[in-house]
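A.B. asks: Heads up: the sequence lines are chains A and B, in that order.
Each residue of the first sequence is one higher than the one before, counting from 200 in the working numbering.
Each residue of the second sequence is one higher than the one before, counting from 10 in the working numbering.
There's no promise every hint is true.
[To be verified] Heads up, simulated DSS-like pairs for lysine-lysine below, C-alpha to C-alpha not over 30 angstroms straight-line:
no., chain 1, residue 1, chain 2, residue 2
1, B, Lys123, A, Lys343
2, A, Lys343, B, Lys234
3, A, Lys243, B, Lys123
4, A, Lys228, B, Lys234
5, B, Lys274, B, Lys170
6, A, Lys343, B, Lys190
If you are wondering where the hints come from, they were derived from the structure by calculation, not from laboratory data.
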Amino acid sequence: MVALIAAVIMIGGPILLGILFYNNLINRKNSVDQALSDIDVQLKKRFDLIPNLVETVKAYMKHERDTLVELTELRTRHMAGGLSVQEQADVTNKVNRLGRGLMLQVENYPDLKASKNFLQLQAAWNEVEEQLSASRRTYNAAVKDYNNGIEQFPTNIMARSMGYQPHAYIEIPEEERENISAKEMFAN
Amino acid sequence: MEEEALHTEGFDSFYERELLPALRELEAERKNIQSTLIYPTVGLGALALGLIAVLPNLGIQSMFLAAITGAGLFTWFKTKASVEFRVEFKNQIIRQILKHINKDFRYSGFSGLKKNDFTGSGIWPRTPDRYRGEDLVTGEIDQTAFSFSEVFAQIYVKDSKGRRRLQTQFKGLFFKADLNKETQHRTVILPDMAERFLGNMGQQLQKLNITRDDLVQLENVDFEKVFAVYGSDQVEARYILSPKLMERILAYSEKHELTPSISFKNSQVFVAIPISKEFFEPRIFRTLLNKEATREYYDDMQLAISLVNELDLNTRIWSKLPDYTEEEREDARRQGRNHRGGMGFGGTRK
Chain A
200 MVALIAAVIM IGGPILLGIL FYNNLINRKN SVDQALSDID VQLKKRFDLI PNLVETVKAY
260 MKHERDTLVE LTELRTRHMA GGLSVQEQAD VTNKVNRLGR GLMLQVENYP DLKASKNFLQ
320 LQAAWNEVEE QLSASRRTYN AAVKDYNNGI EQFPTNIMAR SMGYQPHAYI EIPEEERENI
380 SAKEMFAN
Chain B
10 MEEEALHTEG FDSFYERELL PALRELEAER KNIQSTLIYP TVGLGALALG LIAVLPNLGI
70 QSMFLAAITG AGLFTWFKTK ASVEFRVEFK NQIIRQILKH INKDFRYSGF SGLKKNDFTG
130 SGIWPRTPDR YRGEDLVTGE IDQTAFSFSE VFAQIYVKDS KGRRRLQTQF KGLFFKADLN
190 KETQHRTVIL PDMAERFLGN MGQQLQKLNI TRDDLVQLEN VDFEKVFAVY GSDQVEARYI
250 LSPKLMERIL AYSEKHELTP SISFKNSQVF VAIPISKEFF EPRIFRTLLN KEATREYYDD
310 MQLAISLVNE LDLNTRIWSK LPDYTEEERE DARRQGRNHR GGMGFGGTRK
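Please model the complete structure; the sequences and the hints are all you need to start from.
C.D. replies: Next comes the structure, spelled out in structure tokens:
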């Protein structure tokens, strides 16, 4: 009788644990995928703002035409699809840089800056940037959790047999990490 | 530091000029009350002595009971005698101090934030069985509407013998304000008890906390040591808790040496400041003509009011400029100069 119970535990125990670990790892992987798709949603929103941005700004900022043209091109490339991960990252970073540069240039055009269209656009753009930042941070947290699951004992045993590899973190652009406030700058 | 000194001077002259006259009147009344209370004290004391003399076989239990009854009677007398005094004190002194901070702020000495707000905030898992709010302050700073009050909430718990008794759920200041971001979910920040005692293991335990939303693990290590964050949406929690806001919350906690609980829900922010003292009450047995004691009322008010700025609630994203690097600004300046043929855009700005 005792031997039977012992046998059940010795066989059933690892199976049960196996199931738990497996499900746990699937959970972590899914969190990563979910977070990645959230980022894509925000990126898409930002790309969708580009036509609006170009329209609002082009009448005023004649000197920025090159920037506007480039932004439109970047959007076209993105919409065309079929970009590799690296190309996608390049496009995203360029949009980052150009968008920020443009917004800062607006300081030179007080009429534009005060116009209702621009204010609405700025609100929408800033909102997307904040959401984007939050999504990136969530992705990195999910990746950390996932990598922990893959590398820490005892789930790493299961991970190996599932063939799971660690993911890389997303880099938060340096510009977003700076803490200088615009107020300080204009006070000078 | 300089700002603090100016503020103190402002208060000093305000104290001399406007508060002292009112305090002097109230002081006369306070002395009356104090002397009135001599009679019940003496009376109760005499009664006690009398009983001990007459009934020499009083056990410890009965004496204890008598002492408690005596204290209860005394408190009852004190409350009765000072009711009007408290009302006058709040209306004159507390209200004046508030108006000095901002003449448009409103004060109601005997109302508090509603129980709905308290329970709705999500900071406490249980609805209080007893709830009392006092010293309600309402106002706006720029575009942010806020209000706060003293709150005393209690719940019934069963002790080890299965008896029901009242336990303090929260005592302190409870603050509410409009949030400068839209929220669809709930994010709650609580003092991190587990991590303090158990470190990483504590984190694992926190993940299992079923009465709360999912644990949100944030990048700011110092913040994580002090607080535990629970949120019903991971992305929104980070959307609200930007790195800057986490730093601000930490700075506020360190400056005032307390650990608040904070929640974000329905595009509002709730802050619970647990301090177990009686706020905005007049002293009965000590003189009212004391600048430091009076200054304490002012400081307590600022403790809550300052939250609007400490949490940067007035920065609206809509007109906010992102954080630009020095390089980017240099480029912009250069281009500005090119466009205007040398005028630059430093110019004359307000």
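A.B. asks: Decide if the proposed pair is consistent with the structure: A:Lys228 and B:Lys234, CA atoms, cutoff 30 angstroms inclusive.
C.D. replies: Holds, at roughly 27 angstroms.
A.B. asks: Given the hinted pair A:Lys343 and B:Lys190, is their alpha-carbon gap at most 30 angstroms?
C.D. replies: Measuring from Cα to Cα gives roughly 27 angstroms; hence the hint holds.
A.B. asks: Keeping to a limit of 30 angstroms between CA atoms, is the pair of A:Lys243 and B:Lys123 held or broken?
C.D. replies: The given pair, whose Cα atoms are some 42 angstroms apart, is violated under the 30 angstroms limit.
A.B. asks: For B:Lys274 and B:Lys170, compute the direct alpha-carbon distance and say whether it is at most 30 angstroms.
C.D. replies: violated (38 angstroms)
A.B. asks: So if I understand the rule, the pair passes when the alpha-carbon distance is 30 angstroms or less; does B:Lys123 with A:Lys343 pass?
C.D. replies: violated (41 angstroms)
A.B. asks: With the threshold set at 30 angstroms, check whether the alpha-carbon distance from A:Lys343 to B:Lys234 stays at or below it.
C.D. replies: holds (18 angstroms)
In this structure, the earlier hints numbered 1, 3, 5 are contradicted, and the remaining ones agree with it.
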